[in-house]
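Using the hints provided, position chain B relative to the given structure of chain A.
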Amino acid sequence: MNNSGNTSSRRLYKRYRAEKRFKSLCILALCLAVAFLVTFFATLISKGYSAFRQAELRVEISFTEQSRQMPLAAVGDEVRYLVSRGWLRKVPRMLKENPELMDTTQKYWIVAEAEVDQYLKGKANKLRPKQQEVLKRLEAEGRTRLAFNTYFFLNGDSKIPEIAGIKSALIGSVYVLFLTLLFSFPVGVMTAVYLEEFAPDNRFTQAIEVNINNLAAIPSILYGLLGLAIFINTFGVPRSSALAGGLTLGLMTLPVIIITTRAAIRAVPDSIREAALGVGASRWQMVIHHVLPLSFPGILTGTIIGLAQAMGETAPLLIVGMMAFIPDIPGSFTQAATVLPAQIYTWSSSSLRAFESRTAAAILVLLVLLLLMNFLAVYLRQKFQRKW
Amino acid sequence: MKTMLRIILGALVVFCLGMGPAQAREQVKIVGSSTVYPFSAYVAEELGATTRYPTPVVEATGSGGGMKLFSEGPGMDTPDISNASRRMKKSEYERCQKNGVEEVIEVMFGYDGIALAQNVENPPLHLSLKDITLAVAREVPQGGELVENPYKYWDEINPDLAHREILIYGPPTTSGTRDAFEELVMEAATEEIEAYNGEYTQIRSDGVYVPSGENDNLIVQRLTKDQDALGIFGYSYLDENRDRIQAAFIQGVQPEPETITSGEYPVSRSLYFYVKVAHLDKVPGMQEYVDLFISEKMIGEFGYLKGIGLIALPKEKRDEIREKVEQRDLLALEDLS
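Protein chains in written order, with the numbering used here: chain A, 2 to 389; chain B, 2 to 338.
Isolated chain A, as found in the complex (with noise of 0.2 angstroms):
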């Protein structure tokens, strides 16, 4: 008795050490997870923070036939070269629209180079030891700023790094996306539907559900090998085009669709098909009428999570020549347009050091945005969800 007593509460001992050892570990795993997630964060947000603030100078434009003509002459000998270019070549075309101003002078507050803006930032830079003093004797007239940077979200790309902004690659997201919606969508749930509620279940459907599951683990430079295949060089759509993306990666997104369109519809109880139909609805009218309501959440929240993968992919894109240089922001959905995460990619291999900040404050924005996405994606969930 008192033997078998001293057995089990061995085994018991063991046990609970058993447990023990299996929770420790699992907090290991998450400490881990934690701390890789963590290192990301600070390494991204230490490194992209700074490049929300913007380095400018006040300085007085003095305008002049000369400086219309050349727009270096407008400022002082001095910040001549301390000054960001791509705001003096504005002064010709202010001059036009502003004929008043001729042979005026004005201070204002003028985003400066690059070099200087790492200077105040107090990073490398290649500023001659002549600037620095220069802008030492600024800096204690109360000359220079840092000020919040506007450029970085009223810009399009570019390669002078001071006025370089994510304006047009963003609309381009949003373009692409919704194309991606738009195509994806329909025809996604269409199948599904079709898949759930009306096709007889023999091999060939069993074929297309393997098929379509298969499809959804598929390397996604694949899609982009496809739409070129497909969309391109069949269609003749052109080519750096938000259309020829949207639709590639609507390619590359319908699987996520048919597969948790398919999985919401699945949860919605026969009961209620079947009462449907006992008060004499035809399968279409169930579907439409209870079915997919229904499921709604459900097929948005899947909607939402592949739109999100698609927003940051950038493989398939640049088979279909979005990675390219494009500042304007385009005007349809045929004119070339670029991506955030392209955008991205190109900043990250540019030689120039003020680019790093700005590659870190961009992908700060996308996370965001992602973050955003998935955000919605749980709201409506929790909002439209139904029990039965």
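If you're looking for bench data, these hints aren't it; they were derived computationally from the structure. Cβ coordinates follow ideal geometry from the N, Cα and C atoms, glycine included. Take these hints with a grain of salt, some might be off.
Stated by the list, open to error - Pair by pair, the computed Cβ-Cβ distance ranges are:
id, chain 1, residue 1, chain 2, residue 2, range
1, A, Gln67, B, Glu73, 42 to 50 angstroms
2, B, Glu184, A, Gly332, 37 to 45 angstroms
3, A, Lys108, B, Val254, 46 to 54 angstroms
4, B, Gly76, A, Arg138, 23 to 31 angstroms
5, A, Leu38, B, Thr175, 28 to 36 angstroms
6, B, Glu157, A, Leu223, 42 to 50 angstroms
Quick look at chain B alone, frame taken from chain A:
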């Protein structure tokens, strides 16, 4: 649900209307080398910002990929200009001819030095082309025969060098920089070494030479962490990072704009772009783009492109190029070697 359907349908209709018939091209389309891409994009941006023409679209496809698209045909859906960090190959020229791209102007607009660099805290490093080749080649001559490369330290190759581990981060096989390195360093050196029997360009793969991806910034970052290592990349990356890396002397010369322009520095290549003449008068802004690119303001000794790492051609050559473009001097098969 119904409103949702209506919205989708409405959007589809608007979308189809918006598509319209395929329009004539408004933008210049440029493809090609990722080394030329920053220069090309800079000029494109300048054209867009200072003239009434839209900004040309510049795509970095790599030199070979660009040539392939460029030589597809004369149609308006093919690119107008192809950038290259090497000269057009004969086979590419023949493909152009075969597909109806008969008239092509070749423009050489500058040089790019390829630097062999190390951490700035190291003592200066003097290497010859032969030293570098023996360090990276798959096989090296020993006693008149080729054997698997046994060298692990620089002083085993050349007793004048320090006892330092050989570790080189360089471009992968897909990169144009790698092609140029093989041609300018290895071919040049192995021609002189009898045991190789001509040119030899195979690079060892036992971990001494580490292919490091297309992004040269990553190689620069490695060098700041690893004092023993050397890195191979373009001059503009060296120029931007002088606070943390320094270039090795090759044959006694360091890569500087002057030494590269004069040809003293042995590891430098020419940068090109190729113009499809059939499009010149049809695509608005194309002639202006080409003229702006070869203007003194861009490729001159004090041009804007110098600021982002281009090495200027000598004055006579720049004038020659401008003359050539004005005359629309066409590229012929005999020009290519």
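Each hint tested on the structure:
no.: 1; hint: A:Gln67 / B:Glu73: 42 to 50 angstroms; in the structure: holds, 47 angstroms
no.: 2; hint: B:Glu184 / A:Gly332: 37 to 45 angstroms; in the structure: holds, 44 angstroms
no.: 3; hint: A:Lys108 / B:Val254: 46 to 54 angstroms; in the structure: holds, 48 angstroms
no.: 4; hint: B:Gly76 / A:Arg138: 23 to 31 angstroms; in the structure: violated, 59 angstroms
no.: 5; hint: A:Leu38 / B:Thr175: 28 to 36 angstroms; in the structure: holds, 32 angstroms
no.: 6; hint: B:Glu157 / A:Leu223: 42 to 50 angstroms; in the structure: holds, 46 angstroms
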